[in-house]
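Go ahead and model the full structure; you've got the sequences and the hints to work with.
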Amino acid sequence: DGGITQSPKYLFRKEGQNVTLSCEQNLNHDAMYWYRQDPGQGLRLIYYSQIVNDFQKGDIAEGYSVSREKKESFPLTVTSAQKNPTAFYLCASESLNSNQPQHFGDGTRLSIL
Amino acid sequence: DAKTTQPPSMDCAEGRAANLPCNHSTISGNEYVYWYRQIHSQGPQYIIHGLKNNETNEMASLIITEDRKSSTLILPHATLRDTAVYYCIVRVAAAGNKLTFGGGTRVLVKP
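As given, the protein sequences belong to chains U and Z, one line each in that order.
Quick note: the first sequence, position 100, residue 100 per the numbering used here, numbers continuous.
Quick note: the second sequence, position 77, residue 77 per the numbering used here, numbers continuous.
Only true hints are included.
Looking from chain U toward chain Z, a few residues come up when the C-beta cut is under 10 Å (computed):
no., residue
1, Gly40
2, Pro101
3, Phe104
The calculated label-pair distances, taken between Cβ atoms and stated as ranges, are:
no., chain 1, residue 1, chain 2, residue 2, range
4, U, Thr86, Z, Pro8, 22 to 32 Å
5, Z, Thr65, U, Asn28, 33 to 43 Å
6, Z, Asn30, U, Asn28, 18 to 28 Å
7, Z, Thr65, U, Ser80, 42 to 52 Å
8, Z, Ile63, U, Gly16, 46 to 56 Å
9, Z, Gly102, U, Gly3, 19 to 29 Å
10, U, Thr86, Z, Arg106, 16 to 26 Å
11, Z, Leu80, U, Asp38, 23 to 33 Å
12, U, Ser7, Z, Gln45, 16 to 26 Å
13, Z, Glu66, U, Leu113, 48 to 58 Å
14, U, Ser80, Z, Met59, 33 to 43 Å
15, Z, Gly102, U, Ser111, 17 to 27 Å
16, U, Lys14, Z, Thr5, 34 to 44 Å
To be clear, the hints were calculated from the coordinates, so they are not data collected in a lab.
Here a beta-carbon is modelled for each residue, glycine too, at the ideal position from N, C-alpha and C.
Written as structure tokens, this is what we have:
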């Protein structure tokens with residue numbers, strides 16, 4: 001099945017530790033996105049990428065880093081500089097053809113030990 | 001991106017149509033209306049989108065007013081599995097434009 005795969009589904013981080021969330025898509029989409037969702041809230045954009053080896057900061061990029069070495073992969077690293085990382089992280093992708101919707105993965109829930 | 005206004009919650013009887021309203025009075029001419037829903041602890045699921053014409057797919061219908069300042073998502077025969085938070089979003093249809101999720105409407109389908 002074509003789609004977006006996020007792993008792991010649940011992740012725990014110790015204080016001072018960096019963790020990396022995986023996002024893979026086999027939809028041949030050019031653009032990929034990372035959003036953060038806090039309980040009862042909407043989604044906020046962290047980073048996005050429209051092409052391999054290029055990415056832009058979203059609204060809340062501080063404490064996060066990304067890479068886009070392959071079209072199908074857009075991993076997100078939550079660094080120790082992110083002081084409040086507990087949240088639900090969602091990856092999305094879309095075609096560069098206009099008016100096509102973004103599609104989402106099932107998310108990774110990150111908690112602090 | 002223009003903002004949207006939705007009622008915070010609504011109930012619907014199983015098997016009946018659910019009509020979800022959305023106001024987007026400041027929508028621009030090149031902005032589409034998108035609808036997503038999110039079931040607890042899952043990623044948002046795309047439902048439907050449109051520019052100015054009414055749209056229908058296997059999941060729902062989208063009715064956009066002629067002045068484009070509001071729209072209605074119609075779930076024709078609601079099931080218990082349609083219980084979710086429904087988001088109405090307006091966005092210029094170009095990659096790199098984020099989806100701005102507001103509070104959405106929490107829909108509870110009751111037996």
